[in-house]
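Listed in order, the protein sequences are those of chains L and W.
For what it's worth, my numbering labels the leading residue of the first sequence as 1, then goes sequentially.
For what it's worth, my numbering labels the leading residue of the second sequence as 1001, then goes sequentially.
Everything labelled a hint here was simulated from the structure, so no lab data went into it.
Built from N, CA and C at the ideal position, the CB exists for glycine as well.
Only true hints are included.
Here are the simulated DSS-like pairs of lysine-lysine, each with C-alpha atoms no more than 25 Å apart in a straight line:
| # | chain 1 | residue 1 | chain 2 | residue 2 |
| --- | --- | --- | --- | --- |
| 1 | W | K1259 | L | K146 |
| 2 | L | K52 | L | K194 |
| 3 | L | K260 | W | K1285 |
| 4 | L | K198 | L | K52 |
| 5 | L | K52 | L | K168 |
| 6 | W | K1285 | W | K1325 |
| 7 | L | K260 | W | K1316 |
| 8 | L | K146 | L | K168 |
| 9 | W | K1285 | W | K1259 |
| 10 | W | K1316 | W | K1292 |
| 11 | L | K52 | L | K146 |
| 12 | W | K1325 | L | K260 |
To give a feel for the contact side, a few chain W residues facing chain L, derived at Cβ under 7 Å:
| # | residue |
| --- | --- |
| 13 | P1107 |
| 14 | Y1138 |
| 15 | R1140 |
| 16 | V1142 |
| 17 | G1144 |
| 18 | I1145 |
| 19 | Y1148 |
| 20 | V1149 |
| 21 | R1187 |
| 22 | D1251 |
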Amino acid sequence: MDVVVCVKQVPDTEQPIRVRPDGSGIDDQGLNWILNYYDEHAVEEALRVREKHGGTVTVVCVGPPRAAEAVRTALAMGADEAVHVADPALEGADHLAVARVLARVIGQLRYDLVLCGRLATDDNASVVGAALAEYLGLPQATAISKLQIGDSLATVEREVEGGVELVKVPLPALFTVERTINEPRYPTLPGIMKAKRKEIRTLGLADLGLEPGEVGAQASRVRYTRFEPPPRRQAGQVVTPDSPEEAARVIVRFLQETAKVL
Amino acid sequence: MQNDVWVVADHAGGNPRRITLELLGKGRELADAREGRLVAVVLGHGLLDLGPAFGQYGADTVVAVDHPHLHAYTTDGYTEVLSALVRERAPWLVMVPSTAWGRDCAPRLAARAGAGIVTEVEALWLEDGRLLTRRPMYTRKVMGIVEYVGSGPHLAVVLPKVFPPAGRQEGRAAQVERVEAGVSEPRSRVVETRSLQRERVSLTEADVIVSGGRGLRGPENFALLEALAAELGAAVGSSRPPVDSGWVPHDYEIGQTGKTVSPTVYIAVGISGAPQHLAGMSGSKYIVAINKDPNAPIFQLASLGVVGDLFQIVPKLTEEVRRLKAQG
Ligand SMILES: Cc1cc2nc3c(=O)[nH]c(=O)nc-3n(C[C@H](O)[C@H](O)[C@H](O)COP(=O)(O)OP(=O)(O)OC[C@H]3O[C@@H](n4cnc5c(N)ncnc54)[C@H](O)[C@@H]3O)c2cc1C
Ligand SMILES: Nc1ncnc2c1ncn2[C@@H]1O[C@H](COP(=O)(O)O)[C@@H](O)[C@H]1O
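Could you build the full structure based on these sequences and the hints that come with them?
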């Protein structure tokens, strides 16, 4: 079972993120960059599939040179091989364009399964996985919380409104993973040492036979025009009532008179 | 048709769900601005009289595709039918609800139809003839303003509860166009659906949410929140620790790794207000926080903060609401 995992590098969500004064982007000075949280779960699931069924785990990443660090993390967890597409012409590429680049890379690999995260915590899109499945012509299931590999068929669970679906999907297939699918392992020291020696295949668009016109900003159908801080919430009041009864009355009054839901 | 606005309906047997009404409301406004038609696209099987059901909420036309393979959502079936319709009719804007199926289908549809896509949309407006959207990013620490490039079709996956539902106009009916479409056998198959027993409104649709955090100390105490929610007609949610501790299932979780909700009132009980939690609920209209720690970060954005012990306050609150309702 050969598994390809798509991984993205994102700013750590623990830190404050600020918009540049001119609104042109986020202030990335001093930001701590990490492997996207959901992609850790995707890498973990790939490793578990390999442990059970044999095969290889290859991580693929599209991103600037600093993103190699996130690829190293995936290798340190135990992935076998890595491809990193870094090209300045990808600046301003939309999610569909990124998916096309990933499809080009993955199309040249051997795989039975492609795993992505449910979403990337930077741009919060949830687009790349399903779009990539389309470009690769694969069946898909998104936001899965359980994966079971059988002969030529995977059984997955996914949360939907008010329930859980059990879906059978023929392989090869692409899945995006929910955080409940597993508990990712921490890279061990030997794992980290080993990862340092592993080669990351770094490619540009030309190596993939892609033109900037196909996958760069010119090819994008959406464009960020500006960024804003979130709307400021109206400052409220904090009260320390004398008794639970008083607290209850204050809240009820608020629900009635201000929020008007009672 | 270059000015038409489509709403791909989330429906139960041909009856629009609340999010569909929200999309129809916004869609009507945009269609009017473009002098286009508002079209409800309904996929399903055994669809009955759709004209009044959608017309009274503002749709001019219903495009209905009725096929056994569309009885329940499948990625392949929906993508095939919707992409063929989009290619053939070239709408200006296609609005898809941000539901489990909407998020599954929309990126694939965009890729196949060559449409620009924006997800997690919480505002849509025209500016100098351009269509713009606003969406939360970076755990809601940043709002991105995204513009569609080119003339369309544009795809917007819209969050629930960000637009008011369309008002009902008695007696209005849409023209229904039934489209015969061949639908291939879908590759994946839903073999079972286990419903999580939840008698009340869903989190994403609820007007009021009562949400519990680590401060609840154990699964049994969620009964306190259930009782309050029952009186308020509210849904019950949680921060992440109760999910990680197995007190409640993952579909309760609100925040970066859970659901995004925007109710009228969000009552945070024993929740500190970590940024990853705020990511999922700071779009709520009003936030009420009950926390014993006066320095809890949640108080910095609460519309009403109440410092005190939740175990004492919540039962009294439930009682007070019950008393009030009994008075009528
Ligand atoms: C990658 C990542 C993703 C995450 N995603 C999410 C997410 O989606 N959603 C989420 O919620 N968290 C998420 N978290 C976790 C988040 O960082 C916080 O740890 C979490 O939100 C804290 O939950 P809490 O407020 O319930 O618990 P705590 O922070 O422990 O707060 C408990 C609160 O209860 C109060 N309290 C205790 N006893 C009482 C009492 N008797 N009466 C009144 N108040 C009381 C305390 O004063 C305290 O403020 C994520 C973390 C990471 C790293
Ligand atoms: N630049 C990228 N390189 C590799 N994988 C990516 C990239 N962007 C997104 N992905 C994958 O797609 C998932 C969803 O990302 P998004 O659609 O951006 O929310 C991520 O969890 C990754 O698995």
